[in-house]
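Q: The primary structure of each chain is shown beneath.
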Amino acid sequence: MSALSLRGVGKVFNPGSDQEVQAVHGVDLSVERGEFISVIGPSGCGKSTLLRLIGDLTPPSSGTVSVNGKTPARARLDRDYGMVFQSATLLEWRRVAANVELPLEIMGMDAAERSRQAAAMLGLVQLDRFANHYPWQLSGGMQQRVAIARALAFKPSILLMDEPFGALDEMTRERMQSELLRIRAETGTTVVFVTHSIPEAVFLSTRVVIMSPRPGTITEVVDIDLPEPRSDDTREDQRFFELLTDVREGLRAVEDS
Amino acid sequence: MTDRPEFLRKVYFRLPAIGIFVGGLIVWEGMVRAFDIKGFILPAPTAIAATFASETSDLLAAGAGTFSTALAGLLLGGFLAFFTALAAARWRFVRDGALPFAIAANSTPIVVLAPIANSWFGLRSPFGSIFVVAVLVFFPVMINLVRGLLSVEASGIELMESYAAGRRTTLWKLQLPNATPYLFSALKVAAALSLIGAIVKEFFGGSQERLGQYITTKAGLLQFEEAWAAIVLASLFGIALYNIVVLIERRVIPWHVSVRNA
Ligand SMILES: Nc1ncnc2c1ncn2[C@@H]1O[C@H](COP(=O)(O)OP(=O)(O)OP(=O)(O)O)[C@@H](O)[C@H]1O
Ligand SMILES: [Mg+2]
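Protein chains in written order, with my numbering: chain A, 1 to 257; chain B, 258 to 519.
Only chain A is shown next, with the shape it has when bound in the complex (with noise of 0.2 Å):
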């Protein structure tokens, strides 16, 4: 059984009315449990859609997505998904950790692991120190930062995460992206991960899946054979540049298009 599972999946936002915008388009894809989805494609091509179908935060118009063999919805309610959205969406009057802490209070945690476990979750993205300050007193990076912890918190088993790393600088993003491959390998999770950036897509991915613009369509799939585990010296492989040349190329057809 596949970790995820869409067929024909389509998405008509205001459907009848002069705004109406076919966002995805007959999307096929099979991600089996453990894998890395990188999806790339240019601005307003339907990703964050794509998403948020997966994650049940909008239905489908056509076609049927199934989660780790359910509905997305039945997924949902069993906690299956970590979100990390475009923006980091923290609540502004918890300080940081208590932030942190949000899903594991909603799932009934208790408050002395709850503390322990965003403890360990802001050492992870190097926030210790800023456990008690508030979000607005953080940067757009740190800000995004914590959503990251927090959607690792409570270990779901698929992370669909948004540019989680786009307002971060470069090495803080390559130190992330490091820390996001050691937990995958820990826990076996699932990610579908969408970002702009070809170095980071082909580093980080088992796949990566290229998009094209209106109505949002896979037009390809590139497979990642770089070897694993992943290090600092993947990114001077020359596999590493082979890969980013066939995923640039990849887009550019799209663009051309």
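It is worth saying that the hints were derived from the structure and are not from the lab.
Check before you lean on any hint, since a few could be wrong.
The following label-pair restraints were derived from C-beta to C-beta distances [said to hold, decoys possible]:
(1) B/Ser-408 <-> A/Lys-70: 31 to 41 Å
(2) B/Ala-344 <-> A/Ser-17: 12 to 22 Å
(3) B/Ala-344 <-> A/Ser-43: 36 to 46 Å
(4) A/Ser-87 <-> B/Thr-313: 26 to 36 Å
(5) A/Arg-239 <-> B/Val-514: 42 to 52 Å
(6) A/Val-21 <-> B/Arg-425: 42 to 52 Å
(7) B/Phe-336 <-> A/Val-221: 39 to 49 Å
(8) B/Val-351 <-> A/Val-21: 30 to 40 Å
(9) B/Asn-500 <-> A/Arg-182: 48 to 58 Å
(10) A/Leu-77 <-> B/Arg-381: 51 to 61 Å
(11) A/Lys-70 <-> B/Trp-429: 25 to 35 Å
(12) B/Leu-337 <-> A/Gly-69: 26 to 36 Å
(13) A/Gln-86 <-> B/Ala-321: 54 to 64 Å
25 Å max Cα-Cα, derived DMTMM-like pairs, lysine to aspartate or glutamate [what the hints assert, rightly or not]:
(14) A/Lys-155 <-> B/Glu-418
(15) A/Lys-155 <-> A/Glu-174
(16) B/Lys-430 <-> A/Glu-174
The beta-carbon is built from N, C-alpha and C at its ideal position, and this holds for glycine as well.
With chain A held as given, fit chain B with the ligands onto it using these hints.
A: Then chain B with the ligands, alone, in the frame of chain A:
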């Protein structure tokens, strides 16, 4: 100015306000003396202050009575508004049914109920005053709370959905915290309204130991220094009540833009 003590800094920033206050009093006193303004038009500040000293116990008794009535009405109206707002946020039909009337009621001068309240509750009953104040406070607090509960960002709702949080959890962890700033801005308005309601109601009769009765009685007896002393006291209570709300606000929502100091 960084090397000045904190206290002096505060005084420094308040200087313009203190200046206007003291200057105003001096001008007032000077005008009354220069033009020989009669007490029934405007007594001098010194005369009012002297009355304050001589009538302290009567004034404070009346003030305490009015203040506690206003506070009781504020709390009652606030609680009723809170639960009504929860219901309105939870059920669409409550919202659609009740909100238009609440908004209409909020734009009417509800104090006009004051004389009627006497015939409902009896002249001597304190409940008449509490009722008027509660009704007065109810509508702005309720309307603002509903607005606060419903104006959560879509992304926040999606976050809660992604955790499969139930309605009650979403209410407690997302909507209510989001509504607290709205609640406090409504309470600041309601604090002033509650004293207005209590005093206007007292104009129409009831116990002598209330500011409203005190003012009308003394004015009727042409004892304007006493009346003015009561007016000043009412203003002080109004300012005090407002500041109590502000103090609580600072404690409860230190995270909010209106409160936080970067
Ligand atoms: N809630 C919505 N209602 C109507 N249209 C929407 C909605 N959400 C997205 N769209 C439309 O769907 C299309 C795809 O949007 P989406 O946010 O999925 O793009 P994206 O690939 O994530 O873009 P970006 O890289 O800029 O984040 C856009 O044309 C957008 O206008
Ligand atoms: Mg997007």
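Q: Each hint needs a verdict: does it hold in this structure or not?
A: Each hint, compared with the structure:
Hint check: B/Ser-408 to A/Lys-70, Cβ distance near 34 Å, so the stated range 31 to 41 Å holds. Judged by the Cβ atoms, the range 12 to 22 Å given for B/Ala-344 and A/Ser-17 is violated: they are separated by roughly 33 Å. A beta carbon spacing of about 43 Å between B/Ala-344 and A/Ser-43 agrees with the range 36 to 46 Å that was offered as a hint. The hinted window of 26 to 36 Å between A/Ser-87 and B/Thr-313 is violated, with their beta carbons roughly 59 Å apart.
Between A/Arg-239 and B/Val-514 the Cβ separation comes to about 50 Å, which falls inside the hinted range of 42 to 52 Å. One distance hint, 42 to 52 Å for the beta-carbon pair A/Val-21 and B/Arg-425, is violated here, with the actual separation near 35 Å. Remark: the range hint 39 to 49 Å for B/Phe-336 to A/Val-221 is contradicted by a beta-carbon distance near 60 Å. A hinted range of 30 to 40 Å holds for the C-beta pair B/Val-351 and A/Val-21, which are about 34 Å apart.
Look at B/Asn-500 against A/Arg-182: about 53 Å separates their beta carbons, and that is inside 48 to 58 Å. At about 59 Å, the beta-carbon gap between A/Leu-77 and B/Arg-381 stays in the expected band of 51 to 61 Å. In this structure the hint that A/Lys-70 and B/Trp-429 lie 25 to 35 Å apart at CB holds, the actual value being about 28 Å. Taken as a hint, the range 26 to 36 Å is violated for the pair B/Leu-337 and A/Gly-69, whose Cβ atoms sit roughly 50 Å apart.
At about 57 Å, the CB distance of A/Gln-86 to B/Ala-321 agrees with the hint of 54 to 64 Å. Distance restraint check for A/Lys-155 and B/Glu-418: the Cα-Cα separation of roughly 17 Å lies within the 25 Å cut-off, and the hinted pair is therefore satisfied. Proposed proximity of A/Lys-155 and A/Glu-174 is supported: the alpha carbons are some 22 Å apart, at most 25 Å. Distance check on the hinted pair: B/Lys-430 and A/Glu-174 sit about 34 Å apart at the alpha-carbon level, beyond 25 Å; violated.
The earlier numbered hints that this structure contradicts are 2, 4, 6, 7, 12 and 16.
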